[in-house]
Amino acid sequence: MAGRTKLGAVLVSLFATLLLAGPVSAAPAVTVTPLPNAHAHNDYEHQRPLFDALDRGFTSVEADIYPTFGKLYIGHYPWDVRPDRTLQSLYLEPLRQRVAANGGRVFPGWDGEFQLLVDVKDNERDGYRWLDQALRDPRYADLFTRYVNGAVWRGPVTVVISGRQARDLVAGQNDRYAFLDGNPADLGTGVPSTLMPLVSADWNTLFRWRGVGPMPEEERARLHQYVATAHAEGKRVRFWGTPDGPADDATARDDRRSCTLPGHATGTSEVSAPVPVTGPNCDWGMPGSTRDTTADAAGEARLAVWRELRAADVDLLGSDDLDGLAAFLTSDRSTALARSR
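Sequential numbering from 544 applies to the sequence shown in the working numbering.
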């Protein structure tokens, strides 16, 4: 009985202390600055799909889908698919809730475009029909950018279809909630930006330079012209396959062992034999060259490519390293380099 009395006294004392202390203050809300050029490649592979990118201000995320039996399952490969991971559960519904909580915006007070890039991996025709049906759900009214009879009505979220595309189905609709991701071959063909607001390309099919040594002037000029052409058509530009960390930097150095010299030896732009490291455009840091690549092993190659992309006004820079890209885009070079290690 005495033990119960003592316990009661302790509880009363503790309760009184909590009352005197008053309510516990909530931690101040963290203000996130949207990064209009930040794209989260394979976003669903992060610990918290969508939210990890949003917390760092990313304004574009990529979700790969496998359409199966009316469901839009998330995954890079078929064996990645899980019943609880769908486009609706990981992206559409969280975005709906976030926009509702933020007064109609993905980021409070920000009127920019948030892009959901849906990369269709298989079954594109049924996949688009199911995607179109999902986007038309009344719950998502006013959430997505919409095309109606030649006019585009901006919503907080713009859905762009990449990968395998049922282009005829999308282009044949006078009322739709999705748009197409194009490629370099689409430029100059008259495809309007109201259908194709984005063009994406594999960096390695257009350029040999991977961030080690200076970018060849011919490639830099070609990059700027490519971006200018796309922008003149009202299309944004994105590249994939750019260096994204130390392993890629090592590959970049290996690639340069067969570097290209305009007009070298054979009089063509392609050479099959290794080129001496002292030649023009091949000063890339192997023994005997004048440039040391020690820093490249820590992620310098991707920073060099990112700097060229920004200088060329490329719209979206993609990375798996959310912190590294965010740091770069906010001009914190030291953090960007450290994150790549």
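For the record, the hints were derived by calculation from the structure and aren't laboratory data.
Some hints here could point you the wrong way.
Stated by the list, open to error - In silico EDC-like cross-links for lysine to aspartate or glutamate, where the CA-CA straight-line distance does not exceed 16 Å:
| hint | residue 1 | residue 2 |
| --- | --- | --- |
| 1 | K614 | D654 |
| 2 | K614 | D685 |
| 3 | K614 | D665 |
Said to hold, decoys possible - Pairwise CB distance ranges (calculated):
| hint | residue 1 | residue 2 | range |
| --- | --- | --- | --- |
| 4 | T576 | R628 | 45 to 53 Å |
| 5 | E760 | N726 | 36 to 44 Å |
| 6 | G647 | R763 | 35 to 43 Å |
| 7 | T732 | G647 | 33 to 41 Å |
| 8 | A854 | F612 | 41 to 49 Å |
| 9 | H619 | D866 | 19 to 27 Å |
| 10 | R707 | Q631 | 16 to 24 Å |
| 11 | W696 | S874 | 43 to 51 Å |
We put the CB at the ideal spot given by N, CA and C, even for glycine.
Next item on the list: List, from low to high, the hint numbers that the structure doesn't satisfy.
Entry: Hints 1, 2, 4, 5, 11 not satisfied by this model.
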